[in-house]
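Chain by chain, the residues run as shown.
There are 6 protein chains.
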Amino acid sequence: MYYYKEELINQIVPDKPDPAAAKVLQEALGGQFGEMRTMMQYSFQSSNFRGNATQYRDLIRGVFLEEISHVELVQNTINQLLNDSGKSFGVGNAGIDAAPLDEALKHANPHHFIVGAQASLPVDAGGNPWNGSWVYSHGNLIADLLNNLVLESTGVLQKTRIYEMSSNKTLRETLGFLIVRDNAHQNAFAKALETLGVDWGKLFPVPNYDINKYPECRKFVEMGYHNIQFNFRLDDTRIAEVYQGASPSRNKGQLLVTPPPMGFPVPQLPDMPNEHSPGLQDMFV
Amino acid sequence: MYYYKEELINQIVPDKPDPAAAKVLQEALGGQFGEMRTMMQYSFQSSNFRGNATQYRDLIRGVFLEEISHVELVQNTINQLLNDSGKSFGVGNAGIDAAPLDEALKHANPHHFIVGAQASLPVDAGGNPWNGSWVYSHGNLIADLLNNLVLESTGVLQKTRIYEMSSNKTLRETLGFLIVRDNAHQNAFAKALETLGVDWGKLFPVPNYDINKYPECRKFVEMGYHNIQFNFRLDDTRIAEVYQGASPSRNKGQLLVTPPPMGFPVPQLPDMPNEHSPGLQDMFV
Amino acid sequence: MYYYKEELINQIVPDKPDPAAAKVLQEALGGQFGEMRTMMQYSFQSSNFRGNATQYRDLIRGVFLEEISHVELVQNTINQLLNDSGKSFGVGNAGIDAAPLDEALKHANPHHFIVGAQASLPVDAGGNPWNGSWVYSHGNLIADLLNNLVLESTGVLQKTRIYEMSSNKTLRETLGFLIVRDNAHQNAFAKALETLGVDWGKLFPVPNYDINKYPECRKFVEMGYHNIQFNFRLDDTRIAEVYQGASPSRNKGQLLVTPPPMGFPVPQLPDMPNEHSPGLQDMFV
Amino acid sequence: MYYYKEELINQIVPDKPDPAAAKVLQEALGGQFGEMRTMMQYSFQSSNFRGNATQYRDLIRGVFLEEISHVELVQNTINQLLNDSGKSFGVGNAGIDAAPLDEALKHANPHHFIVGAQASLPVDAGGNPWNGSWVYSHGNLIADLLNNLVLESTGVLQKTRIYEMSSNKTLRETLGFLIVRDNAHQNAFAKALETLGVDWGKLFPVPNYDINKYPECRKFVEMGYHNIQFNFRLDDTRIAEVYQGASPSRNKGQLLVTPPPMGFPVPQLPDMPNEHSPGLQDMFV
Amino acid sequence: MYYYKEELINQIVPDKPDPAAAKVLQEALGGQFGEMRTMMQYSFQSSNFRGNATQYRDLIRGVFLEEISHVELVQNTINQLLNDSGKSFGVGNAGIDAAPLDEALKHANPHHFIVGAQASLPVDAGGNPWNGSWVYSHGNLIADLLNNLVLESTGVLQKTRIYEMSSNKTLRETLGFLIVRDNAHQNAFAKALETLGVDWGKLFPVPNYDINKYPECRKFVEMGYHNIQFNFRLDDTRIAEVYQGASPSRNKGQLLVTPPPMGFPVPQLPDMPNEHSPGLQDMFV
Amino acid sequence: MYYYKEELINQIVPDKPDPAAAKVLQEALGGQFGEMRTMMQYSFQSSNFRGNATQYRDLIRGVFLEEISHVELVQNTINQLLNDSGKSFGVGNAGIDAAPLDEALKHANPHHFIVGAQASLPVDAGGNPWNGSWVYSHGNLIADLLNNLVLESTGVLQKTRIYEMSSNKTLRETLGFLIVRDNAHQNAFAKALETLGVDWGKLFPVPNYDINKYPECRKFVEMGYHNIQFNFRLDDTRIAEVYQGASPSRNKGQLLVTPPPMGFPVPQLPDMPNEHSPGLQDMFV
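Protein chains in written order, with the UniProt record's numbering: chain C, 1 to 285; chain H, 1 to 285; chain A, 1 to 285; chain W, 1 to 285; chain Y, 1 to 285; chain V, 1 to 285.
Possibly wrong hints are sitting among the right ones.
The list makes no distinction among identical chains, and a pair is therefore deemed to hold if it is satisfied within one copy or across any two copies.
Taking lysine to any residue and the SDA-like style, the derived pairs with C-alpha atoms no more than 25 Å apart in a straight line are [what the hints assert, rightly or not]:
id, residue 1, residue 2
1, LYS252, SER133
2, LYS219, GLN55
3, LYS202, GLY245
4, LYS106, GLN55
5, LYS252, LEU8
6, LYS5, PHE230
7, LYS5, LEU256
8, LYS202, GLY224
9, LYS5, ASN52
10, LYS213, PRO100
11, LYS106, LYS213
12, LYS5, PRO267
13, LYS16, LYS106
14, LYS16, ALA98
15, LYS169, ASP102
16, LYS106, VAL257
17, LYS213, ASP271
18, LYS106, LYS169
19, LYS16, GLY132
20, LYS219, GLU173
Hints were generated in silico from the structure; no laboratory data involved. Given the structure is predicted, the values throughout are model-derived calculations rather than measurements.
Working from the sequences, and respecting the hints, build out all of it.
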């Protein structure tokens with residue numbers, strides 16, 4: 001069973017509304033290598049695990065738990081980017097020529113303005129809905145670990161590319177955090193395969209990005225977040241039997257299981273009248 | 001952030017392997033009205049919530065938290081139904097005519113035997129992958145609540161139909177539990193609309209099933225599970241401002257928020273050699 | 001605007017319930033070459049028509065109008081094949097071992113028993129949902145006419161194949177009628193291309209089936225239905241400027257526009273208690 | 001069987017070409033809550049109806065019939081918005097640098113210029129094809145009515161949002177008409193549930209838009225179109241047994257079944273040479 | 001078995017980077033009437049061919065072989081259009097405000113910058129992934145030939161429309177070549193049907209484009225490429241039993257089977273550091 | 001450009017018709033880890049390759065070329081399994097009760113009998129169409145190689161599972177061949193990563209199947225096919241710079257590039273009258 005505390009795993013840094021940035025950031029939420037995929041893939045691999053080497057099951061489940069809060073983080077980031085992006089002035093607009101949501105005609109995902117009230121969707125940067133066929137639970141430990149390694153590597157790869165698409169601080173803060181966490185998870189699966197006999201040499205991290213170019217990543221690396229696995233279990237776990245010792249990556253350091261980080265407040269979004277998105281107010285107009 | 005204790009929200013009752021039952025039970029996991037849909041729909045509605053009537057946000061999020069453990073419960077139930085359904089005798093089979101996985105050619109979902117090692121998948125009873133376009137987060141409180149009401153009603157409707165497809169105890173215990181919990185969630189959203197002025201008369205529950213015909217449901221009804229909302233929050237929640245008072249259904253009773261139920265052990269599945277699903281053993285053959 | 005009289009375009013011949021037949025007949029409703037495709041394809045081509053050669057627009061629209069009633073006919077035929085296919089005895093079943101809907105575990109489309117109450121769905125014989133990408137409105141008259149010709153030819157081809165899958169009279173009567181009507185529509189588009197200069201020689205009909213092998217078709221051929229286009233317009237139409245003269249097929253005869261055929265009653269389906277498919281009764285249990 | 005008179009259910013108001021508006025208006029045609037969905041959902045619910053409370057079947061079918069003409073209306077509106085949006089000068093363009101269809105590279109749906117000849121498509125505002133899995137025919141009267149209520153409410157919600165994306169009169173006139181008609185259909189299903197015992201209080205209309213902000217809606221409200229159901233039946237119907245009496249919405253008034261409205265001419269689109277969309281001319285170049 | 005020589009079937013003409021052109025050109029690669037479809041459709045029809053009229057099998061297979069190199073040609077053209085379209089300056093970018101891949105936020109397909117490193121994808125102009133349901137292998141010779149004729153005609157139709165969207169020389173050269181080759185394949189299938197008795201009159205080519213408007217096509221027409229079928233077989237083939245004699249199109253000429261054309265070099269793309277697309281360099285940073 | 005010799009890369013061993021086996025074997029053709037995926041993935045990676053380390057490009061392209069003939073091999077195997085599986089007696093069947101294609105109602109994929117004439121389709125074992133979103137061309141050499149390694153490993157894993165579903169010799173011979181060839185390709189990508197510094201220890205092969213249990217594999221292993229890469233290039237290639245030296249797998253041996261194997265005849269399928277699948281005969285009935 002799953003428990004919750006209303007805290008985000010990282011902060012939402014305010015910057016100006018940016019629907020085009022929101023559109024491409026959807027890839028990190030509902031894309032083939034986004035957080036919904038990692039969450040569901042590790043959920044299925046955890047439940048479908050066979051055999052008694054449960055230290056690996058605990059490793060996969062441990063990453064799964066963090067991914068649920070990553071989904072929540074990206075949803076909130078997209079909402080921040082979309083909020084106030086339509087020029088809202090009153091319930092409905094009415095004016096002859098006014099078209100307060102015309103932003104959606106330009107570089108936005110129009111569904112951000114039609115299907116929801118300027119809010120996140122389970123789709124990718126191209127607007128394609130998330131698809132269950134992207135979840136792999138092969139039922140063979142090595143195949144699953146290798147697949148997870150590709151998943152985390154591609155996660156970093158795509159996030160660094162999205163990072164370079166916009167200098168919006170809201171977008172970059174979240175991506176910076178997730179890039180470093182994906183590296184930690186890349187280390188988790190690389191280390192698991194190391195315990196099965198692989199020597200990775202200098203292969204990881206993939207991609208081999210220069211930390212100096214990503215200031216938002218740097219602070220997390222300095223906090224050691226690339227070598228830490230947060231533990232969200234309320235009971236015992238064998239995760240540290242795998243996630244320990246020297247990092248399998250060229251970036252060195254010691255792998256360490258720690259308690260979850262300090263949480264950040266979940267933003268509260270205002271009513272959005274011309275999206276007809278009131279809460280109770282609608283009843284009393 | 002999300003926390004976890006390795007306990008199932010209901011028990012897995014053993015019965016004989018039954019891949020045909022596993023195939024149709026997938027609807028309750030990866031179908032349009034299955035637990036993945038409820039989980040993701042309430043996740044998006046929670047993060048995308050607008051306005052300060054956060055008692056409704058807490059209600060939606062409260063149901064979301066329980067749905068994560070429903071996903072886990074159905075995954076484990078399907079795995080129990082599939083386990084040992086191929087006649088396994090050794091690593092590979094080799095014999096001239098033996099075809100230990102030929103079950104997959106008959107009434108099973110063949111992907112249960114090919115894509116995974118006799119384990120759950122994010123697909124529906126027809127084998128269609130789960131699809132993000134089934135998640136609705138309209139961004140208007142009333143529209144969201146009405147949609148959730150349809151979702152929970154259809155959840156019960158479909159589960160009673162699947163219940164009547166097989167007398168397998170593994171399948172029926174899980175469905176019995178989920179039917180009653182869906183009723184509790186139907187009450188949650190019906191009650192929320194009642195606070196906005198609706199009088200449902202005798203409309204609910206939908207469907208209006210006879211509890212005497214579903215013995216697996218009866219025990220949960222006797223425990224009051226149809227009028228209880230479990231609280232998985234580790235911090236404060238306003239959920240009881242909505243989920244309280246007389247039930248909006250003909251089945252009467254008082255709505256009550258309670259702590260989570262006692263948990264049940266998560267089964268450990270054996271290695272499955274002719275699916276090439278070993279854990280560590282593969283390394284030492 | 002569209003008007004309606006509650007009459008089916010052909011009769012529903014009763015025979016025993018047959019969910020396996022219902023499953024494959026879905027191809028004729030929601031398959032790539034089924035009636036939903038023809039209906040929507042001709043709808044889009046009618047509205048999107050360019051230029052003043054409106055005799056061709058009227059031809060396409062004329063076929064469109066008939067396809068709406070074909071959709072209704074196949075829906076009703078599938079319902080007839082499914083009705084009573086679960087052994088229904090009372091509201092819910094309750095018995096320890098009874099599983100009145102277990103038919104769905106065998107050769108049926110399980111969604112026929114889960115998603116609806118033993119009723120038709122917008123899917124094909126494999127259970128794949130109907131898809132808008134199958135509708136072609138190329139916007140070039142010749143390309144559209146050629147595409148329609150392939151569509152009608154493949155319609156006959158697939159229906160003759162489904163016909164040979166079951167000797168169920170409910171299925172065969174509907175297919176027999178539709179095969180002959182598809183031939184009439186094949187003639188419509190072949191003739192339209194003939195007016196643009198093509199001489200088809202002995203190419204049509206495609207496929208070149210032997211009418212003696214399809215007794216359900218024979219009666220309709222004897223009524224001349226393969227050379228008739230029904231006119232469902234309440235106003236004037238130029239359709240007969242194209243649909244007239246010698247048939248473009250080897251089967252000869254003269255093409256003729258006539259009033260619609262005599263209609264047949266639309267069946268009324270009974271309540272289905274263990275599908276929780278009551279109408280009003282549910283309110284008074 | 002279905003009959004037709006070549007008249008649109010509302011007028012097409014001319015304004016300047018606007019491919020970006022056409023792109024988002026596709027949501028109202030091929031989106032999850034668009035007219036193709038309502039048309040097909042009510043078609044399936046009509047044919048799949050169980051039980052003898054046929055006044056509800058007649059209600060659902062009555063709305064279905066109107067939706068066919070809504071599909072036609074939106075197709076024609078999109079065509080009007082697209083027409084002349086490429087700068088057409090002769091058959092083909094040839095010039096060294098001219099690119100008369102380059103509009104498609106900007107804010108348009110490129111398929112409007114490639115797949116068809118600047119004409120409507122069965123896709124949504126994001127370009128996703130219409131999908132049969134969006135059609136719900138649950139086979140339980142209450143579940144179907146609740147689902148239809150959500151469908152019509154979301155239909156209004158999305159259309160008011162699209163309305164605020166563009167001040168183009170062609171787009172706004174059609175949306176204004178459809179918003180009011182969706183309200184009438186919302187009333188139809190709300191009323192049907194009222195006959196089953198629900199008292200909606202002040203819940204409807206959803207969303208609770210201010211008519212003063214939508215001048216294109218006002219004229220239809222003044223004609224009472226929000227409380228009227230048009231009757232397209234050529235035979236008897238029991239629809240008025242349900243659709244009668246006081247409106248279930250706060251907007252008050254009496255529900256009334258009336259004959260169809262006066263029709264409007266279906267526009268005739270010109271040839272579009274650089275789309276190679278001639279009719280007969282192609283043969284004589 | 002299939003053999004290869006690293007040569008493109010036509011040249012890549014350099015012009016400036018143009019991601020918007022790359023986006024729409026995807027239709028010719030991964031669209032419903034693009035080169036992946038023709039390649040796979042003829043592959044399936046070749047393997048699934050029934051009967052001993054193998055001259056038609058050889059015709060279909062002959063076209064199939066050329067389509068593999070068309071796929072390669074369009075992939076390389078898209079890559080050329082995308083290359084250098086992000087302003088690349090070093091590994092990562094880092095600067096406070098720099099966003100070197102922000103092109104992806106505007107008129108590009110964002111997946112061109114996220115999923116791959118500014119390179120081709122198996123999707124259409126709207127970003128929808130290629131889908132196997134678009135491949136038709138009806139198993140009836142006439143139906144297959146008619147379908148192929150529609151496929152090639154629509155191929156030309158769509159390519160002429162894409163041609164008019166951009167004056168970029170890279171795009172136009174490839175389209176010019178493919179338009180003429182599609183005409184040759186249109187002739188192939190029209191001729192095959194002619195051998196079965198059809199007289200096409202003046203129907204083809206479809207569309208009836210004016211060669212004077214497409215200078216990039218003219219040179220290939222002057223080389224006779226519209227009436228030639230290249231032979232990529234290393235063994236005997238009966239293709240010339242069908243592909244010979246007078247062209248079935250108004251453009252006249254004699255059909256001729258010839259050896260493949262002279263090949264062109266396959267471009268070598270540079271490393272793309274801010275896409276993290278190095279080859280070996282990544283290992284030595 | 002691509003050349004062809006009409007020879008299969010392995011033999012088709014005759015056995016009795018088996019539509020259920022054909023259904024599951026589709027996974028190896030149109031499934032997520034089937035031959036269409038490998039073919040298209042390596043096609044895109046070859047064309048999209050960046051940088052001058054072309055020995056890796058030649059390796060990927062070399063595997064791509066073989067995959068085209070794997071597609072052809074599986075298509076022909078499925079056709080052999082389906083051929084004669086309907087009891088064919090004459091053109092059409094006509095008899096009152098005969099239903100010669102009723103096999104499709106049981107354990108077959110019904111589309112094998114409806115969409116084609118008992119022939120292969122671009123779908124997986126569950127009937128889902130092949131999808132372009134399964135093709136990964138990440139544009140980062142290491143990510144691409146790791147992904148390919150997962151792809152080949154899962155290819156073997158799934159094929160050994162399908163092998164155990166049926167003792168049909170037609171199915172097993174093809175799978176035996178492909179399993180060994182997938183191992184060779186697993187070696188190819190594992191070796192490529194070895195050249196970048198990885199030491200795999202005893203990780204491969206994945207899965208670690210016992211060759212003694214797969215007699216159809218044994219003969220190919222004895223011929224060394226697990227360590228050989230066939231060279232289908234008609235020009236020079238640098239593939240042997242990577243594919244050489246000690247195998248990276250526990251099965252040892254030396255990697256070697258060799259000419260293609262001896263080819264086998266492509267079967268010729270008979271006409272199938274009650275599928276209306278004649279070639280020329282249809283014209284003269």
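Okay, which hints does this one fail, numbers in order?
-> Hints 1, 2, 4, 5, 16 and 19 contradicted; others consistent.
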